[in-house]
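Protein chains: 4
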Amino acid sequence: MRTTAVGVFKIATRGPGDVSGLMAMIGSGAIDPTSILAILGKTEGNGGVNDFTREYAVAALCTALAPKLGLSSEAVEQRIAFVMSGGTEGVLSPHITVFTRREAERPAGMSGKRLSIGMAHTRDFLPEELGRSAQITETATAVKAAMEDAGITDPTDVHFVQIKCPLLTSERVEAAKARGNKTATTSSYSSMAYSRGASALGVAVALGEIASDIRDEDVLRRDDLFSNVASTSSGIELMHNVVIVLGNSASSASTFEIGHAVMDDAIDAAAVMSALTSVGLGTTPQPGRELVNVFAKAEASPDGSVRGDRHTMLEDTDISSTRHARAAVGGLIAGLAGTGAVYVSGGAEHQGPAGGGPVAVIARLS
Amino acid sequence: MRTTAVGVFKIATRGPGDVSGLMAMIGSGAIDPTSILAILGKTEGNGGVNDFTREYAVAALCTALAPKLGLSSEAVEQRIAFVMSGGTEGVLSPHITVFTRREAERPAGMSGKRLSIGMAHTRDFLPEELGRSAQITETATAVKAAMEDAGITDPTDVHFVQIKCPLLTSERVEAAKARGNKTATTSSYSSMAYSRGASALGVAVALGEIASDIRDEDVLRRDDLFSNVASTSSGIELMHNVVIVLGNSASSASTFEIGHAVMDDAIDAAAVMSALTSVGLGTTPQPGRELVNVFAKAEASPDGSVRGDRHTMLEDTDISSTRHARAAVGGLIAGLAGTGAVYVSGGAEHQGPAGGGPVAVIARLS
Amino acid sequence: MRTTAVGVFKIATRGPGDVSGLMAMIGSGAIDPTSILAILGKTEGNGGVNDFTREYAVAALCTALAPKLGLSSEAVEQRIAFVMSGGTEGVLSPHITVFTRREAERPAGMSGKRLSIGMAHTRDFLPEELGRSAQITETATAVKAAMEDAGITDPTDVHFVQIKCPLLTSERVEAAKARGNKTATTSSYSSMAYSRGASALGVAVALGEIASDIRDEDVLRRDDLFSNVASTSSGIELMHNVVIVLGNSASSASTFEIGHAVMDDAIDAAAVMSALTSVGLGTTPQPGRELVNVFAKAEASPDGSVRGDRHTMLEDTDISSTRHARAAVGGLIAGLAGTGAVYVSGGAEHQGPAGGGPVAVIARLS
Amino acid sequence: MRTTAVGVFKIATRGPGDVSGLMAMIGSGAIDPTSILAILGKTEGNGGVNDFTREYAVAALCTALAPKLGLSSEAVEQRIAFVMSGGTEGVLSPHITVFTRREAERPAGMSGKRLSIGMAHTRDFLPEELGRSAQITETATAVKAAMEDAGITDPTDVHFVQIKCPLLTSERVEAAKARGNKTATTSSYSSMAYSRGASALGVAVALGEIASDIRDEDVLRRDDLFSNVASTSSGIELMHNVVIVLGNSASSASTFEIGHAVMDDAIDAAAVMSALTSVGLGTTPQPGRELVNVFAKAEASPDGSVRGDRHTMLEDTDISSTRHARAAVGGLIAGLAGTGAVYVSGGAEHQGPAGGGPVAVIARLS
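So the protein sequences, as listed, match chains A, B, C and D. The first sequence begins at 1 in full-length UniProt numbering and counts up by one. The second sequence begins at 1 in full-length UniProt numbering and counts up by one. The third sequence begins at 1 in full-length UniProt numbering and counts up by one. The fourth sequence begins at 1 in full-length UniProt numbering and counts up by one.
No wet-lab data here; the hints were simulated from the structure. Any given hint could turn out to be false.
[As the list claims (entries may be wrong)] A partial selection of chain B residues facing chain C, derived with a Cβ cut-off under 7 Å:
# : residue
1 : P16
2 : D18
3 : E44
4 : T53
5 : Y56
Owing to the predicted nature of the structure, the values given are computational and were not obtained by experimental measurement. Backbone N, C-alpha and C fix where the C-beta goes; we use that ideal spot for every residue, glycine too.
Please build the complete structure, drawing on both the sequences and the hints.
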């Protein structure tokens with residue numbers, strides 16, 4: 001059995017273009033650039049359509065890593081999975097989390113399952129497949145491949161599945177039309193939700209959280225269908241899904257552990273505590289355990305209320321509801337985790353129940 | 001000894017102009033309009049200079065209460081203390097809290113101190129006195145008068161002091177100049193901070209939290225001087241301070257209790273839990289106790305970080321830092337209290353430590 | 001033939017609740033409150049879903065006018081047509097325009113057609129009729145009735161038709177469903193566009209601008225169908241359309257004249273000049289003529305560009321496109337008219353061509 | 001006498017990171033990269049403190065130009081003057097204007113003065129010199145040097161002076177303090193205004209628009225002191241002023257001409273027409289003349305009104321006043337120029353009268 005060591009490095013940034021922290025760790029030898037598999041980041045933008053901090057951060061990282069990897073910037077963007085989530089509302093603090101992986105012996109005395117990471121991707125989709133069963137099915141297959149890559153066989157060992165997925169542009173809509181096919185939507189903005197939703201449903205199918213007979217018309221409509229561990233985000237730069245599976249595996253030699261819970265709503269403090277407790281970081285933390293990061297999805301509950309109290313996030317023409325939701329859920333998680341440098345991302349279609357979302361925690365063991 | 005019964009009614013609103021909930025309770029006899037002392041509300045606006053939801057809410061309440069009290073709208077506004085805090089960011093839910101008081105016998109079997117409310121006001125200030133020692137000293141005197149009105153002698157029994165205070169307008173600045181005097185600032189916007197800050201310092205002096213020898217130049221500069229229980233808000237409609245003291249008193253026959261704690265920073269979950277616990281609503285709530293409301297002040301820490309993690313609230317040109325802070329602190333408190341219908345207000349000069357603020361909780365005993 | 005004198009009074013406001021200017025003119029006898037037919041206003045809000053300045057302004061006006069008219073506030077709101085447009089972006093200046101009408105002899109020497117105003121309303125609509133042909137047809141009938149009320153027979157004498165129309169709420173959607181009928185949309189927000197669009201098409205049908213065979217599926221889809229003089233705005237408080245026709249009539253004894261033009265896009269300076277010139281207020285104004293107000297609709301062109309230059313209004317997650325459009329068109333009109341106290345309103349579905357809109361001007365003759 | 005040919009290329013961008021238009025023109029030989037002197041751009045951000053589109057655009061341009069110039073990215077940023085103005089509100093359209101210069105014979109038949117460009121820079125400033133007379137005096141000297149570089153002797157031939165100037169950071173404030181000196185302000189944000197203001201005053205001194213005896217306390221206070229042609233913008237990346245003078249010179253062999261006027265307020269359409277007319281692009285454009293670009297500064301008038309009508313830009317907590325001002329002035333200029341691809345920038349301290357600003361126009365002659 002192949003055994004791997006996974007590294008997780010949370011690095012504060014001073015701006016979306018700031019790569020100095022990562023470069024310093026590469027310079028000191030703390031991070032081997034060739035071992036970098038994925039970088040998840042929180043950037044300063046609004047998280048909306050005109051959030052340029054995400055692409056700026058990716059461009060800055062690719063430009064800086066290119067000479068270290070002997071690759072062009074474009075090739076770096078192909079090699080490493082970059083997932084930037086815009087919006088550090090409230091106490092949220094801009095940072096990146098760098099995931100590395102290398103072959104490594106598992107020490108003799110190591111017991112229990114440890115953090116493992118696996119990746120896979122689907123084939124390119126046709127525009128008319130986005131937000132529909134083709135995307136769901138292919139994503140499910142890719143999730144299983146990523147699990148295998150991570151050395152995980154039991155779906156309950158999967159605690160967070162981050163997916164990058166495509167969106168529609170007017171060119172792509174036209175291309176489908178030229179073939180005589182209609183896309184799920186003609187709006188770029190809503191195609192993002194369709195693609196995120198179908199991708200999350202793919203995770204749920206792969207992990208057996210829901211049955212596999214999802215119909216096209218269920219996407220973005222049946223909010224009883226969801227994954228407890230999916231976190232999906234759509235971008236213009238690709239036409240396939242990139243799947244990153246984070247879980248615990250007996251084949252991992254890493255010094256990290258991951259756990260998760262599901263927030264039923266945006267004020268579900270108990271779920272956050274449960275996720276922390278699952279990796280030994282509850283009210284009374286286990287000795288030798290330290291928080292690395294929390295990963296969560298947030299959204300304004302679509303019915304306009306949280307536990308019966310009306311919220312105003314969906315009627316605010318000044319601030320988008322995703323910004324409100326990240327600020328509030330970020331405040332809660334930061335309070336319970338003791339730090340604002342956590343990954344709270346918006347847009348949670350089929351990712352946790354309506355108004356809620358998954359919350360995963362990675363702990364370092366010493 | 002005069003004994004009083006204090007009532008506290010939290011009523012959800014469907015908009016800033018919605019008075020139907022309060023009118024229904026008056027109609028059913030649940031609330032005697034002549035007993036209403038103060039109404040604190042959270043409204044939907046941005047909490048900034050152009051937040052018209054506050055004055056709209058007050059106008060709607062005055063118009064609706066006028067016939068019930070046999071008074072003009074203007075007279076209602078004089079009689080009842082209205083404090084509207086704009087901004088229901090994130091999960092915060094618009095509502096009003098109505099405080100009533102009437103003479104009442106204390107039941108024979110009642111033990112311990114119970115919620116009591118007292119009010120007082122200062123003389124009118126000259127514009128040049130705002131934000132300076134005159135306002136501090138006069139406020140301190142009024143706080144003591146309000147304590148006496150509440151039947152409270154021990155400062156440690158005071159748990160929340162809400163103050164309405166004046167601000168400067170260009171006319172008021174000119175009037176001072178015509179007398180040969182300079183005001184603390186010429187900007188209306190910053191005069192609000194000066195007035196809030198001096199008023200909070202007045203509370204701190206009255207309760208012995210700080211020494212009484214505050215100098216004019218300490219206001220808005222020495223952030224080591226603050227009150228743990230002050231919550232101040234400035235408005236254009238008055239030239240004096242209105243002081244509302246909330247505490248526990250042996251002379252109260254009410255079925256409510258109040259407690260408080262101080263948040264050291266915006267993610268101080270322990271302080272929120274401590275405030276809840278102080279009235280029997282901690283992790284394992286005492287039987288027969290029910291949450292009525294939480295009252296807290298929030299602000300973006302002026303040094304740009306929370307426990308060492310950089311925040312971006314003060315550099316955001318799209319969303320004001322007070323909105324960010326309310327959203328985040330509101331998310332945390334709502335998570336721990338189990339409801340978004342809580343009173344979280346922004347602008348915490350000299351109200352708790354820099355970046356933190358007081359948090360008070362009222363519980364109903366059955 | 002009945003002859004009428006129409007008055008038009010533009011009054012600056014100091015806030016959405018400021019009625020002092022109107023009250024002063026009533027106090028001085030300049031305005032007879034019983035002659036007030038309609039009040040159009042620009043208020044300080046964001047013009048979006050959570051813009052409470054519109055209802056606040058109406059509430060303040062009704063409360064103030066009630067004793068002057070010997071009516072309840074509610075009855076005032078029924079009697080006078082209030083149309084408040086939120087959003088005074090850029091140089092736009094908050095104000096109200098009061099339209100009055102009374103029977104009056106036309107002076108012997110008066111020549112030409114003068115400003116006339118007519119009103120009418122449709123029957124109440126069923127929720128399932130909104131945004132569809134029933135609303136179009138009934139509105140067309142009401143426009144003709146309002147023309148007759150204004151003493152206008154020739155459609156080319158109609159220069160501005162302001163309409164207030166209903167929107168859908170979840171209750172109304174449910175009521176339709178209970179009857180087995182589907183509404184045009186289930187979203188409140190998009191129902192506003194449907195209702196505005198169908199109402200504008202009704203104007204176009206009435207004035208012969210388009211053929212009368214509009215199908216339900218043309219609404220919000222065929223942007224080649226539009227009226228050059230319609231300005232529609234939807235509100236929650238009514239289930240019928242209120243139609244206000246402004247034009248010139250030989251039966252009018254007023255000292256005002258109205259004209260209009262159509263902006264082809266948001267930078268159509270020539271159209272604004274043409275509208276001004278049509279009432280003698282062009283580059284070299286005719287003597288004895290004075291600008292009263294300009295009424296215009298603005299929107300971000302749906303194709304994302306203005307004369308080939310890309311705009312960013314539709315991708316801005318921080319500021320809604322209607323705010324951008326009002327600011328820009330307001331800047332242009334204010335520059336050409338010489339004042340920011342003009343009525344520029346957003347949301348121009350079927351009101352002028354895509355990205356453009358009608359612009360009308362009222363001049364006072366002395 | 002050295003004669004030069006100046007090129008001006010306006011290139012639309014599809015995003016802040018889009019360099020494809022410039023690269024295509026370099027690829028086709030239309031632009032010689034070694035001749036590029038300065039690039040002025042409008043980017044999509046908010047123009048505020050957290051506008052990262054400016055630095056993203058500069059980073060993208062430097063990365064793309066580096067191989068073309070055989071320099072590192074850092075060296076490109078030193079060689080070319082990049083001035084990015086964030087904020088394309090309303091109809092404003094993102095674009096860059098590339099200025100090139102090379103030695104060239106002036107054709108025999110060429111008559112009149114033509115567009116010329118000159119550059120110079122000051123020495124590095126001490127933090128305590130920013131916003132004060134040292135910055136004013138040194139800037140004045142640099143403006144004269146840039147005029148000489150442009151071959152301009154008569155100040156009336158100078159029509160636009162773009163300056164990049166430093167700002168204060170907490171480190172710089174501390175460095176001054178360590179020397180026992182106080183800076184003009186301790187806030188980064190207000191230091192930008194001080195630096196812009198002093199730089200503009202330097203232009204005014206150099207051109208003889210005002211006397212040279214400016215005192216430190218006049219900066220940001222005496223709004224009767226201003227330049228009619230200065231446009232200044234501060235950035236963190238330098239400690240000296242970079243001065244770009246645009247004017248007409250008999251030593252220029254270029255096919256462009258520049259002119260300017262001063263807007264007295266934000267709705268000064270006459271001034272915009274006058275600037276257009278000054279280069280033959282008025283109501284009836286001269287044959288063989290074509291608009292290249294308009295350069296203007298905009299601001300909300302500090303007294304809260306425009307020609308007596310109250311504006312709400314300064315009280316808006318949702319949208320900063322600079323965004324409002326750019327949207328409105330941009331709408332007016334776009335309407336009169338016939339395009340939204342114009343350079344309208346905010347923050348006009350001592351650049352034109354209070355509430356107004358300079359407006360310059362470049363025309364191409366064929």
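Hint check:
1. A least Cβ separation of about 5 Å between P16 (chain B) and chain C falls short of the 7 Å threshold, and the interface hint therefore holds.
2. Annotation: interface hint on D18 (chain B) violated; nearest CB of chain C at approximately 11 Å, more than 7 Å.
3. Hint status for E44 (chain B): holds, given a least beta-carbon distance of 6 Å to chain C, under 7 Å.
4. Proximity of T53 (chain B) to chain C holds as hinted, the smallest CB-CB distance being about 5 Å (cut-off 7 Å).
5. Here the hint on Y56 (chain B) is kept, as its CB sits about 4 Å from the closest CB of chain C, short of 7 Å.
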